[in-house]
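Chain residues, written in single-letter form:
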Amino acid sequence: MTTTQERALPAVPVAEAPPIERVHPSPGRGGLAAVASRSLPIVPIVGAVLVWHLLTRYDVIAWVRFDKIPGPLDVYHSLRVQLETAEFRQHVVSSLRRILSGFALASLVGVVVGIGIGRSKVVAALLRPLIEIARPIPAIALVPLAILLFPTSEQGIVFITFFAAVFPVTVATIHAMKTLPLVWMDAASTLGARRRQVLFHIVLPGAMPAIFSGLSVSMGVAWICVISAEMISGQFGVGYWTWMSYSLLDYSGVVAGMLTIGAMGFTTSWLIERLGRRVNRWLPGEAR
Amino acid sequence: MSSAAVATTDAGAPVDLDNIRIDYPDGPAAQIDLKVDPGEIVMLLGPSGCGKSTILRALAGLQPIAAGAARIDGLVHNGPEAHCAMVFQEDALLPWRTARRNVEFALAMRGVPRRERKQLALALLDQVGLTPFADHLPKQLSGGMRQRVQLARTLAAEPRVLLMDEPFGALDAQTRLDMQELLVSVWQQRRTTVLFVTHDVEEALLLADRVVVLTPRPARVARIVAVARPRDPDAQLHPEFALQGKEILALLGHGQFPSH
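Taken in sequence, the protein lines are chains A and B.
Per the working numbering, numbering through the first sequence is continuous, rising by one, with the last residue being 288.
Per the working numbering, numbering through the second sequence is continuous, rising by one, with the last residue being 260.
There are no misleading hints in this set.
Here are the simulated DSBU-like cross-link-like pairs (lysine-lysine), alpha carbons at most 35 Å apart as the crow flies:
no., chain 1, residue 1, chain 2, residue 2
1, B, 118, A, 178
2, B, 139, B, 118
3, B, 139, A, 178
4, B, 246, B, 35
5, B, 139, A, 121
6, A, 178, A, 121
If you are wondering where the hints come from, they were derived from the structure by calculation, not from laboratory data.
Work the whole structure out from these sequences, hints included.
Next up, the structure:
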């Protein structure tokens with residue numbers, strides 16, 4: 001064997017060190033700075049609650065009127081009482097179920113349709129105009145139709161959520177198809193990859209960053225629509241419950257409902273964000 | 001030479017570019033007639049934008065051949081096939097896969113069973129000197145190391161013709177020398193036919209058996225220079241090296257400084 005040349009080669013290329021992973025300022029360092037940076041998000045929240053408390057405590061009337069608005073303590077009590085009841089938890093569960101079904105369906109359809117449109121001229125010609133016509137219609141305007149169309153309001157609400165959530169994912173996926181570096185596809189096909197393999201090994205993983213940014217937008221609009229739809233036509237759900245509280249003049253309940261929606265929205269967005277980071281940890285901006 | 005020990009299936013295939021023409025939408029890109037022997041290293045050299053990369057892309061099946069025929073091992077070649085694998089200048093690695101998983105991708109595409117892939121991938125990475133970096137993502141590797149992974153991945157396809165499109169063009173001089181040595185050592189073990197596009201005259205003379213100098217677009221063969229001492233480490237010390245370099249530069253239109 002001709003190994004002399006091989007031997008001469010260092011096992012590890014010495015001339016080129018791997019790029020050192022960027023050194024991040026470690027959070028444990030500098031006690032005071034760490035405490036400050038950790039408490040930073042708390043400050044405005046505490047401030048907002050304090051202002052809210054003062055405005056409602058003293059029934060401030062200065063063009064906007066705070067005299068009928070419940071204070072943070074009232075809301076806290078209402079929330080505590082509600083969280084104990086099975087009924088309220090049932091409302092939370094049914095909202096979550098609706099949003100997750102609508103969102104899951106929208107993600108699946110959005111990615112498939114987006115890839116189809118982005119990669120096939122025929123599919124694009126077929127579907128693009130239809131999508132562009134349907135897209136500007138606010139999902140909530142479909143409530144009357146949904147009531148007429150679906151046997152139960154449950155299915156109608158899932159449909160509305162789906163309708164709202166599907167477009168951001170679709171558009172993000174279409175866009176991702178156009179920004180994938182061609183060299184990935186070229187490399188794969190010279191290595192013998194077939195169309196299907198290119199789709200699953202190159203296109204899909206390569207499009208994930210864009211798909212996830214579409215998903216987080218979708219999650220936001222999905223919440224708007226599920227809550228609005230519940231307020232209009234639901235028999236369960238946090239949106240319905242919030243609206244009922246208003247009808248029953250339980251204003252603390254209204255705010256408790258709002259905060260519950262906020263917390264659920266925050267949690268789902270956070271989950272998407274976490275998942276996205278995991279899937280896309282190869283991006284240059286993500287530390288390993 | 002030791003090449004007798006190499007398995008025949010792995011050894012290079014002859015390439016016959018029988019008067020092929022490749023077109024761009026706005027006109028012809030290249031018109032080439034060239035025969036390459038099995039296991040030969042041929043460098044394509046030409047002014048930038050002349051269409052030299054297009055020739056490789058056509059051989060890789062990424063670009064249609066408008067006229068003529070490209071025969072590899074006597075068989076007319078059309079469409080991407082694994083026995084013509086390509087090393088690209090740009091970052092062609094899949095950034096979400098580690099070095100090892102990038103190589104495994106090529107093995108999977110070749111149909112290597114799943115449980116054999118890891119072992120083979122590690123062996124290939126070892127061959128390009130990257131064993132310690134097998135589990136690094138491309139973003140954690142330097143440019144030269146990424147090109148090593150690309151070379152390992154391309155070798156994983158067991159190509160009989162290795163197409164290299166300015167693979168070291170973006171590297172610094174030191175790293176490029178390392179990579180050239182690596183390529184020669186790999187070639188000595190495998191005797192793959194290599195078609196290599198470069199714009200670096202010195203690189204061409206260091207690596208090639210023959211240097212094909214191309215004309216400006218559409219690329220045609222201007223001259224074929226048989227290198228006096230192919231891959232001789234001391235080649236640069238001999239006057240032929242400088243003379244051939246000057247000859248090639250003259251063909252490319254850089255014969256003299258504008259002294260008048």
